[in-house]
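Below, each chain spelled out in residue letters.
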Amino acid sequence: MNDNTVSTFELGDALATRFGNTLTGVFVPGSKIALSAYRHVKWNSRDVPSETAGQDPVLIYLAQETTLFDEPVLRSLLAESNITFATLQELGQRAPRAEYLRISHMYRSVVRASLERLEHAKKSPEVQMDEERQQRISETVIVFYAAECLWHLFEILYMQQSQLIVPQLLDWARFYAPQIEDRATDFLLMAEEASENDDYWNVLKSLVMVGALDVTRAILRQNRKASQPAFKAAELILASMPVYKEGFPLKKFNSQWEHWHVDAERKIRANTFGSEPELEQILQLVTGSNEHWDAGIKESNEWYEFLPGYLLYTKPTCKPFELKIAAANWLNRWTLLRPNSQLNNMSRMISQLMEHDLRLFIYDTQRINDTNWLTTHMIDLIYHSGELKGYFEQNNIDLPALRHSMIYEYGSYLMSTRSLWQLGIDYLDCCKQEGKAAMELLLPRISLRSDRHALKLMSVARKRGLIDVEQEICKVLSRQSFDDERYGNALEWGIRSKDVLLVTGIADFILKNYSQTGNMLCPDVIVHIKSRMFISPRLVFLSKYFEFYELYRNRDFLAAVELLVNLLNSKITPDYFWPSLLIDTVPLLESKDPKIFSNETVAILHHLETELVPIIERNTDKLGNKNAETVFKDYRAENIDEILNILRLACARNLARSLVIENTSPES
Amino acid sequence: MSFPTVSSHFVSEKISSVRWLPEQLQQSDRFVTGSWDMDQNFVRLYRLQSNQYADTNVDFVPRCNDKVAIEGDVTAMEFADKNTLAVSCADGHLSLLNMQRAVEEDQLQRTARSERLHYFKRTNKSSPCTDLSVYGGDIATVGEDGCVNIMNASNIKQVKRTIEADSMSLLSVCYISQQQLVTANRMGVIRILDARASTAAQEKISIMVGSKDEKSSNYVSALGTHPMQHHILLCGTEEGTITVWDLRNLQFPASYLSAHESAITDIAFHRNDPSKVFTAAEEGEVWMWSENKGIGDRNLHDGKSAWLSGDRLRSLVNVDGVLTRIRKAINSFDMNGPRLICGGDTEAVYLVDNIF
Numbered sequence: 001m002n003d004n005t006v007s008t009f010e011l012g013d014a015l016a017t018r019f020g021n022t023l024t025g026v027f028v029p030g031s032k033i034a035l036s037a038y039r040h041v042k043w044n045s046r047d048v049p050s051e052t053a054g055q056d057p058v059l060i061y062l063a064q065e066t067t068l069f070d071e072p073v074l075r076s077l078l079a080e081s082n083i084t085f086a087t088l089q090e091l092g093q094r095a096p097r098a099e100y101l102r103i104s105h106m107y108r109s110v111v112r113a114s115l116e117r118l119e120h121a122k123k124s125p126e127v128q129m130d131e132e133r134q135q136r137i138s139e140t141v142i143v144f145y146a147a148e149c150l151w152h153l154f155e156i157l158y159m160q161q162s163q164l165i166v167p168q169l170l171d172w173a174r175f176y177a178p179q180i181e182d183r184a185t186d187f188l189l190m191a192e193e194a195s196e197n198d199d200y201w202n203v204l205k206s207l208v209m210v211g212a213l214d215v216t217r218a219i220l221r222q223n224r225k226a227s228q229p230a231f232k233a234a235e236l237i238l239a240s241m242p243v244y245k246e247g248f249p250l251k252k253f254n255s256q257w258e259h260w261h262v263d264a265e266r267k268i269r270a271n272t273f274g275s276e277p278e279l280e281q282i283l284q285l286v287t288g289s290n291e292h293w294d295a296g297i298k299e300s301n302e303w304y305e306f307l308p309g310y311l312l313y314t315k316p317t318c319k320p321f322e323l324k325i326a327a328a329n330w331l332n333r334w335t336l337l338r339p340n341s342q343l344n345n346m347s348r349m350i351s352q353l354m355e356h357d358l359r360l361f362i363y364d365t366q367r368i369n370d371t372n373w374l375t376t377h378m379i380d381l382i383y384h385s386g387e388l389k390g391y392f393e394q395n396n397i398d399l400p401a402l403r404h405s406m407i408y409e410y411g412s413y414l415m416s417t418r419s420l421w422q423l424g425i426d427y428l429d430c431c432k433q434e435g436k437a438a439m440e441l442l443l444p445r446i447s448l449r450s451d452r453h454a455l456k457l458m459s460v461a462r463k464r465g466l467i468d469v470e471q472e473i474c475k476v477l478s479r480q481s482f483d484d485e486r487y488g489n490a491l492e493w494g495i496r497s498k499d500v501l502l503v504t505g506i507a508d509f510i511l512k513n514y515s516q517t518g519n520m521l522c523p524d525v526i527v528h529i530k531s532r533m534f535i536s537p538r539l540v541f542l543s544k545y546f547e548f549y550e551l552y553r554n555r556d557f558l559a560a561v562e563l564l565v566n567l568l569n570s571k572i573t574p575d576y577f578w579p580s581l582l583i584d585t586v587p588l589l590e591s592k593d594p595k596i597f598s599n600e601t602v603a604i605l606h607h608l609e610t611e612l613v614p615i616i617e618r619n620t621d622k623l624g625n626k627n628a629e630t631v632f633k634d635y636r637a638e639n640i641d642e643i644l645n646i647l648r649l650a651c652a653r654n655l656a657r658s659l660v661i662e663n664t665s666p667e668s
Numbered sequence: 001m002s003f004p005t006v007s008s009h010f011v012s013e014k015i016s017s018v019r020w021l022p023e024q025l026q027q028s029d030r031f032v033t034g035s036w037d038m039d040q041n042f043v044r045l046y047r048l049q050s051n052q053y054a055d056t057n058v059d060f061v062p063r064c065n066d067k068v069a070i071e072g073d074v075t076a077m078e079f080a081d082k083n084t085l086a087v088s089c090a091d092g093h094l095s096l097l098n099m100q101r102a103v104e105e106d107q108l109q110r111t112a113r114s115e116r117l118h119y120f121k122r123t124n125k126s127s128p129c130t131d132l133s134v135y136g137g138d139i140a141t142v143g144e145d146g147c148v149n150i151m152n153a154s155n156i157k158q159v160k161r162t163i164e165a166d167s168m169s170l171l172s173v174c175y176i177s178q179q180q181l182v183t184a185n186r187m188g189v190i191r192i193l194d195a196r197a198s199t200a201a202q203e204k205i206s207i208m209v210g211s212k213d214e215k216s217s218n219y220v221s222a223l224g225t226h227p228m229q230h231h232i233l234l235c236g237t238e239e240g241t242i243t244v245w246d247l248r249n250l251q252f253p254a255s256y257l258s259a260h261e262s263a264i265t266d267i268a269f270h271r272n273d274p275s276k277v278f279t280a281a282e283e284g285e286v287w288m289w290s291e292n293k294g295i296g297d298r299n300l301h302d303g304k305s306a307w308l309s310g311d312r313l314r315s316l317v318n319v320d321g322v323l324t325r326i327r328k329a330i331n332s333f334d335m336n337g338p339r340l341i342c343g344g345d346t347e348a349v350y351l352v353d354n355i356f
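For the protein sequence lines, the chains are A and B, in the order given.
Position 451 of the first sequence, counting from 1, maps to 451 under this note's numbering, and the rest follow consecutively.
Position 139 of the second sequence, counting from 1, maps to 139 under this note's numbering, and the rest follow consecutively.
With the rest of the complex left out, here is chain A:
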């Protein structure tokens, strides 16, 4: 990551090179840029096809920000931190401090677990074969290692409210510079023989400088000359060094410390260690001799490496606010002694943290290539814990707004990334109106893989009151099913979408298909629609008609007749279905044993004359007399006139018959 590297794009296809390799870009949803060749057009350019039009294909490229989260192993980091994030949201802003510290620990352990998984994955044969992936994993490890290191330091300085920071800083520095401890372990295992090692004293010095006094003493005790007076005296000095503990009276400690310090320096001056110059150097370090520490600085890799150790020997009771000055001084000293060395990003950010320059720190964390994972979660934690509130107010930073925008961006990123959408939801949930709006836009863009997938999306939308999204999904699926000629499926999605027009359209299609072919589509679905039919009057008609159809097929004619007459009276019969519906009465009217009473017959006749005939007349007027036959393109109604005659005759015959029967029945 360098400030000066700006990514450059070049298309280089035939069309682009023709016009000096220029390009134009448009942002498209999902943080992508669509790039295509571009030619400058001025106000006075003529709007004509260019001379080379049609010669080269127009290519559109999609550029997308690379992200480390393409690595599958890293998904667990996202998923786990998502859970921690949600826990924190539930905690709110009023929980005890220890809870926030616990959350901070959880975030860090998430990163550490992921780092472990990444290291493990790196060694797997699958990755060993794939150089690109190996490279990617290595980069990821570096990025998240840094993230964890920074978070840890942040936690020590700002999250935990201990006034005693030196021991934690020592742990922190040691954890991120494990090489020295590794060597020390070797020496401990080698016991006496270690003393002859060329590196022996260098390693010991480093150990002292990182503050690992216990280990140093253990190694010294194993030295061949450990029984000599110089070593014994050294051991005595090191063992008697007072260690400040929380709650110990500061004044008392300071006087103890002074006393020990004077005593140690006196012993050194008395040339107690004259015979062992290397040992003397170690004790000089412990007493904080500037000259010796300067020599140590020159050896160090990073500026912060020996700072905690130095504090241990010179200012063991350092408070967080004092660290600011100490760190600034130390950094100055370091740069003076090593004028050629440059601070890398991580070192710079560590100095920002120590010097309480959070503004710059937050600015810099956003440039880490982790798609703002670190910044988003850290700022959210700061916001909830309420630490540093004063700092942000003084510096005129609107923390809630900052948090809001970070979470919004991060959530949108997850939502627009395939298969991470479920994680994104939780983040957008905290963004109030904007989050909801973003979800409304992004949810329908998720390509549907299956019904289950769609149902999951819908339940997410429903829970958040995004009714439009839910219905949109249903509509799309309904249309798809309809195009696939899966009408039952289309009908059910239509009912779910609550879109009256859509359902009416499908019901119309089924009815029309029936009146043309006599074939009922998806009977198994229609029979189960039941109360759901009330969404559309057409669907009510379809269901009721289907009920009639079933009764008729089961030869339950009396019930069928009743339903049919009800349908005729219902006023929901679509125009195109009138002939079909009336023709259905013919076999019932004409059957050997009478099934329709006189009143019903009159009603049928009435509908025939007042509904069907006007429709025919209207259509005939519109289309002209010649086309009378094509008014209803129904194979059962090739000839309208004939049908009308048959119907009228049937009604007349049945009316006569039923009147006779009704008036001669025994009761009357």
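Hints were generated in silico from the structure; no laboratory data involved.
Using N, Cα and C, we set each Cβ at its ideal position, and we do this for glycine too.
Treat the hints loosely; a few may be bogus.
[Stated by the list, open to error] According to the in silico footprint, chain A covers these stretches of chain B (three or more CB under 8 angstroms from chain A): (1) 82-93; (2) 130-141; (3) 166-174; (4) 212-219; (5) 241-248; (6) 318-332.
With chain A held as given, fit chain B onto it using these hints.
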């Protein structure tokens, strides 16, 4: 009595299905997971290992031993026999995977892949295969094309029977006997099919689950039968309710219970102890329903399951939350003795030990 212990393990995959490997005489310490909605989906074989880090209270850690890449989302998995796993996939195919148990590294291998079983007639596009059920050596699959395909595990290339059961997407299938199976569609219609009869010869027996709002659909998302009394059918629905049917009496449901607040994703009786029922839900819950022993002794002398006792059911079962507040769907679970394993969209598997 010991308390259940729950441990979660992140696997970097959304889990659609999880199954213990069947073991005859001992507790199983191997399980398989199938993933969905990933760039590349896998069936993975895990093995429990004792935890190396002594400082935590987690006894076992699963370690992936082997994996097989699957063409699309894994939708369901079931063991056809001790070593053969049937896997249905969203590309409309069925696969058989073979496990080889070993001392060090177990192995997983695909031994057969069926022809395309489910597709849409008009466009000839693949239709997702949504669920499968196994009985004896027979495997039945259902898909969004509304068809049921039945084949034998010994030769899945050859489909024994295809039944065009429904004109709507089928979401779930379950064998109730060698010859009979039940399917459920998105409108909540459950059909009982004869595995031996062709489409035309089917008897068209269907029942429908109720819904809180008569005007909206309530799909049946999960089916489960009693391990001994196959006529007891549990249906978990979109609304989070459980409808129990006694398949000998289809007039009305035997019991109806409102349970979860969200769609039920999986439902099952415990295989060895049918007094326990487990349900998992979309909002990240797993509940255990246990028959109330004290009352049960008196009232259930006839051997009738509490689940058929209608309105009294509420007082006859206790419910315990095994997993709660996971916040994302638990898609599948499986139990083995006192151990329960769950997986879902949190990209983690949850291992619950000492469940009772």
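Now for the hints, and whether the structure bears them out:
1. Coverage of a stretch by a chain is defined here by at least three residues with a beta carbon nearer than 8 angstroms to that chain's beta carbons; for the segment 82-93 of chain B and chain A the count is 1, and the condition is violated.
2. Coverage of the segment 130-141 of chain B by chain A is violated in this model, with 1 residues showing a Cβ closer than 8 angstroms to a Cβ of that chain against a need of three.
3. Against chain A, the segment 166-174 of chain B contributes 5 residues with a C-beta closer than 8 angstroms to a partner C-beta. That satisfies the three-residue criterion, and the hint holds.
4. With 5 residues bearing a CB less than 8 angstroms from a CB of chain A, the segment 212-219 of chain B meets the requirement of three and the coverage assertion stands.
5. Against chain A, the segment 241-248 of chain B contributes 0 residues with a C-beta closer than 8 angstroms to a partner C-beta. That does not satisfy the three-residue criterion, and the hint is violated.
6. Look at the segment 318-332 of chain B against chain A: 3 of its residues bring a Cβ nearer than 8 angstroms to a Cβ of that chain, three or more, so the hint holds.
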